[in-house]
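Asker: One letter stands for each residue in the lines below.
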Amino acid sequence: MSESSVRPSGQTSGAPFETSSGRLRPGGRAWTRSTARAFQGAVGKMPWLTKICFLWLILVILAAALADLIPGLADPNYQGFVFGDGKTNEGPTASHWLGTDNVSRDILARLIYGARVSLIFAFSLVAAGIIIGGTLGSIAGYFRGPLETFLMALVDTWLSFPALIGLVFVTTMLGMRNLLVLVLVGSIFVWPSYTRIARATALSVSGQDFVTAARAIGTSRRQILVREIFPNVLPAMLAYSLVGLPVLIILESTLSFLGLGVEIPTASWGGMINQARQDLLINIWPAVWPAAMLFMTVYSFNNLADWVRKQAAARSAAI
Amino acid sequence: MQKMIVGRLTRLVVTVLVVSFVTFVGVNVLPGDPVNALIPIDAQQDREFVEQIREEWGLNDPMVVRYGRWLGDAVQGDLGRSLVTGQPVTDEITHRLPITLELMAVAVGFSLLIAVPLGAFSGYREGRRSDRLVSGLAQAGLSLPVFVTGLILIYVFALRLQWFPAVGWNRLSDGLGPNLKSVALPALSLAVTEIAVYTRVLRSDMIATLKENYILSARAKGLTDRFVLFRHGLRPSLLTLVTVVGLNIGFLIGGSLVIEYLFAIPGLGKRLFSAIQQRDFMMVQAITVLITVFYVIVNTATDLVYMVVDPRIRRTN
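Here the protein sequences come in this chain order: A and B.
Numbered by my numbering, the letters in the first sequence go through residues 1 to 319 in order.
Numbered by my numbering, the letters in the second sequence go through residues 1001 to 1317 in order.
Among these hints, one or two may not hold up.
Calculated cross-link-like contacts (lysine-lysine; reagent style DSSO-like; alpha-carbon spacing at most 30 Å) [said to hold, decoys possible]:
| no. | chain 1 | residue 1 | chain 2 | residue 2 |
| --- | --- | --- | --- | --- |
| 1 | A | Lys45 | B | Lys1211 |
| 2 | B | Lys1221 | B | Lys1211 |
| 3 | A | Lys51 | A | Lys310 |
| 4 | A | Lys310 | B | Lys1211 |
Hint data in this document are derived by calculation from the structure and do not stem from the laboratory.
Could you build the full structure based on these sequences and the hints that come with them?
Answerer: Shown next, in the form of structure tokens:
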């Protein structure tokens, strides 16, 4: 998928999900439910750093989702100095908590609305990956045959094309770049790695006794795919998504940094950094804030993903 | 073994063909007429002239015919001429390729130099304070996008301390000193992520290796810790690292595109970027295919090296 060519294997390095998902127990949906329950209790057991990361992510997600409702938050695109009621490159003040950028827009507001762009991009692509990749991969892994051979050859070929270059290419050519277009173009590059993981998981699930049992009591193959295979593929997809999210956030910010993300003046972290980098020596803060937001958010996702992986590894070791 | 190699090579050729075709179709289907790159704006109104140019460059033939023509020339080493400069694409690529390759090679070399001892040490001290520190730093390094790392380095070492140039490039022919100075910051920016990735991989691999029985027996023989660590522990783990370096080439290619943009380095990535913006589709086509070929060859080579070096894989296949 796109993530893997942008930054492959590093994040998935320690524990391949195929192995942990290879140890599946019967009753797919119950397994998902028990994971959710374990997750609730687990937040309390997190190390303090992971807890902070978790809280930070909740804060960012809430702020991004409710940006329009935050009282007193400035308009992210309002350039006060045009109307004589604002200064460019201002330090923190009561009305602009994090100061203003080089065209006098409120940095805090732009950070929050920028979070929206990053998160919508990342979460939509993960959803697209799970839906497209999960379906194709489950079908390939369960039904096998020539379709599987063809699909996997396609995936292999697709993955040998550096995604960032493909994205730069398509977004430039299209000329029109709103969030919807970016997500649609992104999905072209996201599905292959999800397909690969879904297929590997479906392959191991297919050999389990409960699938044979379902077949023995006369369940149709299509029913088995929907009721037995897919629910068991889903946890592996979700685990992979948690690793994929930070990579996608970096991808979006990189595109914006290159001037190929959402069109200006829409705020995005990468775009803010790109705009601020011309004046680093005059005022460094308009670059520092979005860079810090980007780093903290990506780090939080990585930290959380690592923790979840460790938990999963510990659980499968205990069984 | 031989069958495997033949299989891999076939797949390599097929991949390159498919990618070059998809790129070709992509360049032609997406909005943006290549004629606009060929002639000035005021001449674009002259329909007759535009038609003449289209005919001259063979733009009116069906796409498959044009792809066939391009492929036929490409196999003979002729990648066509740039629509914007009129220069042979091959010339420009041979001029710029060394820069990008140097950047990537220095980045990988530097990363390995740091990551191998760091990863081995961290794995050896699993769970101790030093391991937790290294792992934490690696996680942080992984969370820094290359352009942010690059900007931090530019700010500190170029703008504030003025030790290195902030932008531009000095070729090796300009002298070793200036060349090293211009490669230092861009390569380091790329290296930070690579170091983090390599360290993590090597660490987890070392942890697994050090639990093997032969390590125990080596220890029981009374060999020193250091000898066991580097001779018995590190050797099998390095194999995994080779694969990861190979797989990470894709990230490195994307990263160097960004870094060349940030540092204004006249490498392939920057040229691809400007070619895309100018709709110079011959250039885009050539560079994209080149990158794919490079990427696939590196991955195939990694697989083959892996097979040659590790007898276990050779036997199972």
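Asker: Hint by hint, say whether it matches the structure.
Answerer: Going down the list of hints, with the structure as the test:
1. A:Lys45 <-> B:Lys1211: The given pair, whose Cα atoms are some 28 Å apart, holds under the 30 Å limit.
2. B:Lys1221 <-> B:Lys1211: Within the cut-off at roughly 16 Å; holds.
3. A:Lys51 <-> A:Lys310: holds (15 Å)
4. A:Lys310 <-> B:Lys1211: Roughly 18 Å separates the two Cα atoms, so the pair holds.
When the structure is compared with the earlier hints, no violation turns up for any of them.
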